[in-house]
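Start from the sequences, fold in the hints, and give me the full structure.
Residue numbers (our numbering), protein chains in the order written: chain A, 1 to 333; chain B, 1001 to 1333; chain C, 2001 to 2505; chain D, 3001 to 3320.
Just so you know, the hints here were simulated from the structure itself, not pulled from any lab data. Any given hint might turn out to be false.
[What the hints assert, rightly or not] Now the stretches of chain A that chain B is said to cover, found in silico as 3 or more residues with beta-carbon under 8 Å:
id : stretch
1  : 125 to 137
2  : 144 to 152
3  : 267 to 278
Glycine included, every Cβ here is placed at the ideal spot set by N, Cα and C.
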Amino acid sequence: MNQPTDLTPALATGTGAEPDRAAPEPQVLSRFAMIGVLVALVALATILYPGFLSPENLRDILLQNTAVGIVALGMTFVIISGGFDLSVGATYALGATVSAGVTISTGSPNVGLLAAIGAGAVCGVVNGLLVARLNINPFVATLGSASVISGIAYLYSNSAPFIVSDPNFKVLARSSMAGIPTPILILAVTFVVGGVLLAMTRYGRNIYAIGGNHEAAWLSGLRVTDLTASVYVMTGLLAAFAGTLDASRLGVGQADVGANIALDAIAIVIVGGTSLRGGEGAVWRSAVGLLIFATLTNLFYSLNLSQNWQLIAKGTIVLLAVALDSWSRNRRA
Amino acid sequence: MNQPTDLTPALATGTGAEPDRAAPEPQVLSRFAMIGVLVALVALATILYPGFLSPENLRDILLQNTAVGIVALGMTFVIISGGFDLSVGATYALGATVSAGVTISTGSPNVGLLAAIGAGAVCGVVNGLLVARLNINPFVATLGSASVISGIAYLYSNSAPFIVSDPNFKVLARSSMAGIPTPILILAVTFVVGGVLLAMTRYGRNIYAIGGNHEAAWLSGLRVTDLTASVYVMTGLLAAFAGTLDASRLGVGQADVGANIALDAIAIVIVGGTSLRGGEGAVWRSAVGLLIFATLTNLFYSLNLSQNWQLIAKGTIVLLAVALDSWSRNRRA
Amino acid sequence: MSKTPAHAIVCRGARKVFSGAVAVHGADLEVRTGEVHALVGENGAGKSTLLGLVSGRLAADGGTVEVFGHRTHGGNPRESRERGLVAVYQELTMVPGLSAEANVFLGQVQTRRGLLDRRRMRRRYLELCDELDIQIPPTTLARDLSVSQQQMLEIMRGVESDGRILVLDEPTAALAEHERETLYRVLRTLTARGTTIVFVSHNLDEVLALSDTITVLRDGQVVRSAARVEWTRPTLIEHMVGRTVDQLAERGTHDAGEEVLHAEGVSLHGVLHDIAVTVRAGEIVGLWGLVGSGRTTFLRSLAGAEPSSTGRLRLHGKQLPWPRAVRRAIADGIVMVPESRKQALVMGMDATSNYWLGRTTGRGPFLDRSRERTEAGDTGAFFAFRRARLGEPVRNLSGGNQQKVLLAKWAGHRPAVFLVDEPTRGIDIGAKAEVLSSLVELAREGAAVVVTSSELEEVLAVANRLLVFAHGRVVREIAADDPEFAVDAVVRHGFSTGATHEPAH
Amino acid sequence: STGVSDSATASDKIIDAPVSDPADLKIAYFSAGTSNSYLQASIDEAKKVADEIGADLDVFDGEFNAQTQFDQMQQALTSGKYNAFVVEPNDGNLVCDILTHDAPDEDVLVSVFNLPICGRATKLGEDTYQPGTVTYVGGQTLDVYQAWVQDVIDAHPDGAKIGLISGPDLNANTICFLEAAKAFDDADGFEVVAQQATDYTTPKAFDAAQTMVQANPDMDIIMSNFSGMTRGVVEAVESKDIEIYDFGGDEWALGQVESGGLASSVMMLPRQETREAIEAVADYVDGKDVAAFINLTKSDELPGTPFATADNVGDFTAEY
Ligand SMILES: Nc1ncnc2c1ncn2[C@@H]1O[C@H](COP(=O)(O)OP(=O)(O)OP(=O)(O)O)[C@@H](O)[C@H]1O
Ligand SMILES: Nc1ncnc2c1ncn2[C@@H]1O[C@H](COP(=O)(O)OP(=O)(O)OP(=O)(O)O)[C@@H](O)[C@H]1O
Ligand SMILES: [Mg+2]
Ligand SMILES: [Mg+2]
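Set out below in structure tokens:
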């Protein structure tokens, strides 16, 4: 049975004969369907609201979505790792509250920022322990921790807003570098760093592996517990930082913010095309999802759409977009 | 080829040596861990609030949780089938709005009830189409449809409450049969019917199969599309019915109710021990989960706990309960 | 302790209990450094469990495991990996959403300055492909690969990790002749480099051909461990099953009846090209071909599982519309046993429920459990499946027993046309004979059977006719009485490009 | 327009006082929530007043959820522990029935403040009072919103382009606010160019205001229905020449009025309204006459007007 030499060319011819098996077009279509949706939306927005593409409006759009974008970045990691984090809203609120509260009590916005990030890290560690070590379903684990974190934020702030008068507190969100507002720079940098981390490093590859097949990852010797925990810690950090940014932007930190931020972030990640099953997705997809949502919200506000029509339009557009995405994927298969 | 008889005894000896292969103890512990949690909670509640076990209080607990219980029943089916339904809150609100609105405009609570259930069925069919036919991820599909349904409820009610003065409208929720309030009877009957359907019929087995291994179910010749769609329709019906019940209890139907009902129902199902991965779980588990939540809420109200402590206590108890559950499961493996 | 201890692996009194069921009790295993060590035994004998204890996938409930003299505690694959032990498992451990290349480098990526070194990995991947004689495009997603392609990737991963001990659980079960040969070659190269190899296989020929030492397990205990020279095929079988099995199976002697299935023009864009097949009642038609030659896809098309396939179908002489749904095909009396257990069983369900899935005892909507159990047990017994295990979740069954559940489930339909894809994958020699004989028995009862197997001998043993596939075409049809109906000739046809021979237009 | 059918099914007689000494009152105090400083101030005052009259008082946290509040009322009735309800409804309609039927049946007195119940949110003056209850204490009824809008109209003889930022649809304050804002349609030179509902939080209001301003560069005025939102509006508007009208009158808002950040703020009096609502029950038990509607905008705490502007801000004291 020594014919392997025969086989190689034979198979090679076979592949050569059907190079169009994985014809690129439909794949491209499906991979980039959401970019198409985004472009279409932007076109629509420009028609309906001529000021849409003005630099000021674009700046506002990005500024308003910096926080949810940063949270969505963390959520991208969590979801690709096969998890779920419902506690980001509470951590965001805790970050906002702690940064403002500590700034008031210590007089230093930097200490406030550090305290907030520290609080976010603690939240993340707790989630990581619950999910990775105690093996609690991430949905329930983070629903439970969200409740506790939110309660702590209310307790800490005594259910009142911390209004910060120190102008330095606003520097983080209100300053610019090279003409670009700092938060937008931060958003861009975190997305680039996150994208590189996920797509181009060993750590990123391992995250895909634990999300795609937890057992396979474990069997190939990955430290699945630590890896799993790490994404929750990162997400906690990012959520608290997002809260700090928003507190700095508004000059107020209070515990009742962020109610929708978890669902919004998850929706952004998934509309971008990352699968909730884990093991698939990308940071650029979340960026596209973020821009789709940001465009929609801005359009609605600019057009003065009433709440009910906003709800209907937003739902319909999301459904159309994902239906198109799913259709183009199925066409490929 | 008549060797099976030879083989059988050879193998049978192997078994004979270990008749106790499925030793019951650890399994029982894990299967019924949540019942233990419930019993402990009830004991705690009785100590902290002596009136807890009074018939009136028990009646109140059940009445207050009838709606979320009915929604959680539908959610049990959805989750076991491997899906997810975030739109139940909106459907619940639509049911409440339509039943009250139609009762006012036609003068007949029965027509109102039918209209609400019809609306719920339509919502369910839409979700079913999105998930089963268009293959959209159920999380995004129902997040999108929730938005649309909610918008429709606002539109229909013109963003105002429908206050029903017709006393017949309240019969559904306020009457009793054999001394037991009708809603409690309804809750019991739906759970028993749902439990039988899931555990003892072919339909139920098929639901487990599509949730446990979609492809295997399809290869076995099941109508996976129809089956998947059917659970969403059922859930839509149940959610709208729950809305009707609550509208009848309160005498008002309005579009802004039900914001937390989806997450609450999912939490109830999962705390009961049904897996979010699909293919596993049971109706009785959701009943236990419901009672755990109901006990907690009732206890908090009775103790006048302030919201921040409620949040912390609720989160902690949920986490402890699921950690115990997870621990007892791992011990078995 | 010297640099290379004499023993690579030493197990003493290893014991593993699963929820009360003892899978391995008191097994002693000694693997000398540098040898090729085979583990054999019936389905459920505890081979995978024992390997799991050695590789650290499982934690022992008793006894000790040493790797190169270091006591391991189990329950953590990292531990033994750090000692140089690398395992390739029986259950496929692919990450479906990652590319073939990424799967090979799972847990062992190469980096440069903190970033993935894609160029180096690509180069290494292509080298491995060359070495193992595999053609899998590096960017194809694992989920789009066939079971055997995934198995090859898994072996590539094992080779790439360059362990001092390589543990392989049924590495060849999903492979066809040709890839097996390649694998044997690679294993020999590795041994030459001093790698210790432990493997499990149900293929006794390869066990006898490759090993230095053979250990036989039965009911969780080591029956005998001895050097290769002390074993012969019959003694191996006798130790494994406690009786002798002299022949795989006998071809049916009954006459073929009416034509049952006639399909022609079966095509699926890019995969299948105009295939025709005719099967008569009582006949067994074998399909053989190399990996990726399209056998599975052909069977799936017939069974309605490839909705975009096209073709013409005649059943019992009646022209029927081409089945575009599995349920349509089932209603017509065509059923298929899929090639992958993971694909076709609901792992969390018990065997009885799996058996009845998609079918009814016909008494209203309610389940009739006792009747279900009885009938599932009867059909299961036909495939030598023990009744006592009907109530257990399929997940807990050993690989071979899962396969039996699968066969029983589909045979239970009492189909007119029985399409069987890899029926003997991962089942022991005793059960293999049972399964093949039951296929002959099904045919004798009047079914038209189409069977594929990567093990050509098995197909040749039971088939009345053989279709040889290459590149999605049937390149040859050989009857059992044809002189070409033999391993050499068939394999030669299998290697044809599909163009030189006349396709079966 | 509210879809409210006639709600006059409740008995409209107040029940007889269940006790004769205010010190025997066992009060269930239903707060809309606990998680903002407005409500914290109310609760603090409630406990103080209860101490003063020697009554028992338990606080129920409605968690901003009308059904939660309903369930709490039901449970309070079941427990039989209380003989008076002092209620700050989350939704006046959902709790209408239980307050006008079930509570009287159990001999429980009901005093309502902040939001009218039983679909009376859009009624004027005395009509916000629901017969059968002891009293209604309010400072943010439709009349107040109408006066607020009129105040804006009066201050801008040349007209103005206006943006509105409200809480969620269906919230009684939103309904009143938008109802009152209809007056701009009839006023010469006034136009509502943008209008956005939010969830009452600062970030949402910020986003809405920023986009509004961006899309309508010629906007002159933003009216914001809650100080918590106004904080976001102020930040969003930044240095642009836009007048901001606030509703809330908390410490921060008065500070902003003083420094010119806000054009005006409508005073809300959480402490006063709570005190009046509890004292009304005590008075009723004492056999004193109780006004059906206690209008907070006429309160002695205010210098004759609820509108704090740069000119008169010194006369106001924030209650939270
Ligand atoms: N996770 C588990 N839970 C319960 N029982 C198990 C589990 N894994 C294996 N078993 C049982 O342990 C016994 C040994 O199984 P094992 O998989 O080691 O057999 P095997 O020799 O590898 O068989 P095969 O040749 O069929 O792969 C079987 O009876 C099996 O059912
Ligand atoms: N639906 C499909 N679309 C595209 N390619 C497919 C599809 N189904 C199978 N293939 C590819 O077609 C080829 C034929 O695969 P098939 O599984 O039918 O071969 P096989 O003869 O059964 O081989 P194996 O030994 O791998 O089981 C493989 O390369 C497979 O990846
Ligand atoms: Mg095995
Ligand atoms: Mg195949």
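So, going through the hints one by one against the coordinates:
{"no.": "1", "hint": "125 to 137", "result": "holds (count 5)"}
{"no.": "2", "hint": "144 to 152", "result": "holds (count 9)"}
{"no.": "3", "hint": "267 to 278", "result": "holds (count 5)"}
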